[in-house]
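Visitor: Read off the chains here:
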Amino acid sequence: MSTPKVAPAPASAPDAPFDVERIRADFPILRQQVHGKPLVYLDSANTAQKPQAVIDAESRVYREIYANVHRGVYDLSMKAEKAFEGARHTVQRFLNAPEAREIVFLRGTTEAINLVAHTFGRQRVKPGDEILISGLEHHSNIVPWQLLCEQTGGVLKVAPITDEGEIRLDELERLLSPRTRLVSVGHVSNALGTVNPVRRIVEMAHAQGVPVLVDGAQGVPHLPVDVQALGCDFYAFSGHKAFGPSGIGALWGRASLLEAMPPFHGGGDMILSVTFEKTTYNVIPYKFEAGTPNIAGTIALGAALEYLAGIGMDRIAAYEHELLAYAHDALREVPGLRFIGTAREKAGVVSFVLEGVHPHDMGTVLDYEGVAIRTGHHCAQPVMERFRVPATARASLALYNTRGEVDALVAGLHKVREMFA
Amino acid sequence: MSEELRELYQEVILDHSKRPRNFRALPEASQAEGFNPLCGDRATVFVDLQDGTVKDASFVGSGCSISTASASMMTEAVKGKSAAEAEELFQRFHALITAPPDQAGGAHPELGKLAVFAGVCEFPVRVKCASLPWHTLKAALQGAGATVSTE
Ligand SMILES: Cc1ncc(COP(=O)(O)O)c(C=O)c1O
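Just so you know, the protein sequences line up as chains A and B, in that order.
Read left to right, the first sequence gives residues 1 to 421 (my numbering).
Read left to right, the second sequence gives residues 422 to 572 (my numbering).
Hints were generated in silico from the structure; no laboratory data involved.
For every residue, glycine included, the Cβ atom is placed at its ideal position computed from N, Cα and C.
Mixed in with the good hints, there may be bad ones.
Stated by the list, open to error - Facing chain A, from chain B, some residues (calculated, C-beta under 8 Å):
(1) L426
(2) L459
(3) C460
(4) S486
(5) C550
What the hints assert, rightly or not - Here are the simulated lysine to aspartate or glutamate pairs, EDC-like style, with alpha carbons at most 20 Å apart:
(6) A:K415 with B:E428
(7) A:K415 with B:E432
(8) B:K439 with A:E355
(9) A:K37 with B:E425
Okay, chain B solo, but in the shape it has when bound (with noise of 0.2 Å):
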């Protein structure tokens, strides 16, 4: 397999995608639904916000592996922060995967296990599989009800 499919899927990515973590609804809790018309992908997130901090955070829908790995991971990923590092984190998240190639790579210790979607930025048709579940987050976290579309 080449280099960049390898980076790419990742065995923590595929392991996500295969068994997602947080994947059920919360249904007394904030929610917006995220689309992407391109390949169909639906993702609902939940947040479950309480005195400012993200308490719980979950997902349903269907999608590709980097979707739904980094809807996996983004759920794991936020539990326990304020809704501003929630927010932060996904700014870095998209700089991560949005960086020009010659400046990939190198150390993310303030991402943790995100850094694993580092190779997306090397498939530039992918960037909003992977940032999907992020915008939706911020739309739950901003107000329930939202709807966002990569397009």
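One chain only, chain A, in its complex shape (with noise of 0.2 Å):
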């Protein structure tokens, strides 16, 4: 953490306080109310709202240097491939990849995932052949590869995870064999909050060659990503969930592997020269990004890396800590509240049952107080038969949150124990 100075200043010094409500300022949408109680979004694990900059950046894109890129010797087309391309740097600078071909723009984490699945994976795993999971993922991490298995004959192996949410690392290094291809984990559990020892297990899996793609979609809005450090050779995320716009994501990808992988989709800007005999492929990474993409999502998915950038992931990860401990303090008071998931390292999320009520009534009473949750089974239902239980309450927590608004959480449980307890 900083320390605290007397002095205003700005909310991107880097040794500036971190000053939360100068943050909320910049989303517009916060300042709405709810059944007539101030919004209080704690659903941002699902999908984050948007800063002005996000907003302004896709409008300016439309009102000023829309055409399509990659096409045009126009100069509107110019502008738009130069802000394009420049998003393309700004998420490299972002992951601290090492080049900018490196980056495959995709609709998000899913389509990114399912890009490995079909291309590496097909190419790579035959009848036997392993694919090393968690028992900690989003289906998005575990159905593709489910599929891959069928169409390949392959075999899915899921480390299993503790009683306190984190993954068996003993279990996992004695599942990785000869025949495992790829392992495939999540930075941050969106259903726990786990953060899992990534390095550790890029570590374990180097040791026997294995490459390791990290599902980032819960770490890239909470930590810093710096994926040379953290050893991994994929690295997937999805805009929405970082403040940026929906339907847009990227996957990065070593260039060497990226390059001896077959593309993904056919058509347009993923070629060099097409005959009816033969078709050249294009270069990474535009290989893998055939047709018209998201145009101005990705400029704006730009804007909204370029937002967090400038607060600095550093300082946003020490504030989220301290909030998570805060939330985690006060939920402790509720009386039949019990926490799943109790992992040592934990960013983001805490997910919780409240002893005779149902996730669902909870949703519903807390909406009423303005309060937004997710309550459900998270896209993780392993992890749910795993702790017994059909769903769990779920507040997630970013940067534009507050104290205040884990009070008002509290005080809405509260309330939903006199209706229901």
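Two chains, two separate frames, one set of hints: put the complex together.
Guide: Structure below.
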């Protein structure tokens, strides 16, 4: 944490105290009331709200520079192209990726994982070969591998998790075999908030020569991400969870791996030359970007990451860390509340159940207090099964949430208890 | 508490959700399983149909207060009814909980106690909770062993 200073400083100065009210002022949607109460948005792990900078960036594209990219020789097209490729460099810097050409723009994490399964997976997985994931994964880091295994005769292996919600590294290491072709794990669990020891997992996998994909959907919004320090081979994330638009995200992959992979979709932009006899594919990343992309969305994603970088991911992580600790302490006082997921290292998420109250009822009553939380299985049914609950309530935090909002959640839960417990 | 919430969570509904009636299995009876993937609710509904009449009905499972109360009150409501009458009741019930807001309200004598679910129509995402037990009952009436899903 930075040392607090007396003089007011811009929210973006690296040594300024973290001024959450200034940050909130950047998010117009947060100024509204729901059922007569101030909106308390605690569902950012589902999808995050957008700062004015992102809203402006997207609308500026359409007002000033919109044209197709990679195609035009005229001024407007070149401006659009410059902004679009500028976003690629922004993503590269944000992830500390070695090269911008290693950034592939896609619809989001789901599409990025499917890309790797379809291209890398189909090329490398032979009958009996294995893909290794963990018991903490989101459905989008499970189902693409199941489909791949069905198509190739591969086998999906799952490293189990502990009662705290941490991946069992001893089991993961044991499950790494000469048949393992890829390890795919989340950076941060969306269901429980567990921060996985990705570096350690990468070391284990690389010791066996196995590449690692990291599902960074919940990493990018909360933690500084440095793919070179993590040592992984692929990193996937979604713009909409990182305060950018929906429908856009990116995959980072090592150039050597991406170059060896076959294309994903066929069409325009992904080719160098087409004849009916033979088509020559374009270089990376364009080989994987068939068709007209989400131009304005990509540029606005760049704006979202610039916004985060301007505040500083270290400061955001430190602020959220404190807020999460505060939330745990406050929620612990609610009678009958049980945390699901008590890993030593967590980010952004508190998952819980309340004795005698179904999460769905909690969600409805909290909504009338203005508090938006997610209730359900969070696209992680195996995690729910592991903890033998049909569903949980999940409050997820972001850089714009406050202690006051945590207090509103707690007050709401007391009302819930009055009604149901 | 807001008016809509009070309408949704009527005393009767809260009572049935906390102390569901007919909450037991009828292993010999026709049964079906219902599942709501959105919230993980599961209910198995049993109907003992004798000479075309529901002699007994029951359920087991876990769900939110709305689905539990709906299942509980449904099993009470259909006892003694013919299969056709039970289905007709379901149609009326369904019309009640999916009524457009401007047509909500009014008396529903034919629904009896089930009229307390009128507040559900203000909560579109909760309609599935209230109707799951009924869809499951319908499946059980039509044949044993079926599974229904709200999605
Ligand atoms: C950990 C994790 N992985 C993957 C996804 C899928 O992301 P998207 O739906 O943006 O493709 C999510 C989103 O819920 C997630 O939380």
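Visitor: It remains to establish, for every hint, whether it holds in the given structure.
Guide: Against the structure, the hints:
1. L426: 5 Å, holds
2. L459: Nearest chain A Cβ about 6 Å off; hint holds.
3. C460: Result: holds, 4 Å to nearest chain A Cβ.
4. S486: Hint holds; S486 of chain B Cβ to chain A Cβ min 5 Å, cut 8 Å.
5. C550: Result: holds, 7 Å to nearest chain A Cβ.
6. A:K415 with B:E428: 16 Å, holds
7. A:K415 with B:E432: Given that 20 Å is the threshold and the Cα spacing comes to 16 Å, the pair holds.
8. B:K439 with A:E355: Measuring from Cα to Cα gives roughly 12 Å; hence the hint holds.
9. A:K37 with B:E425: 15 Å, holds
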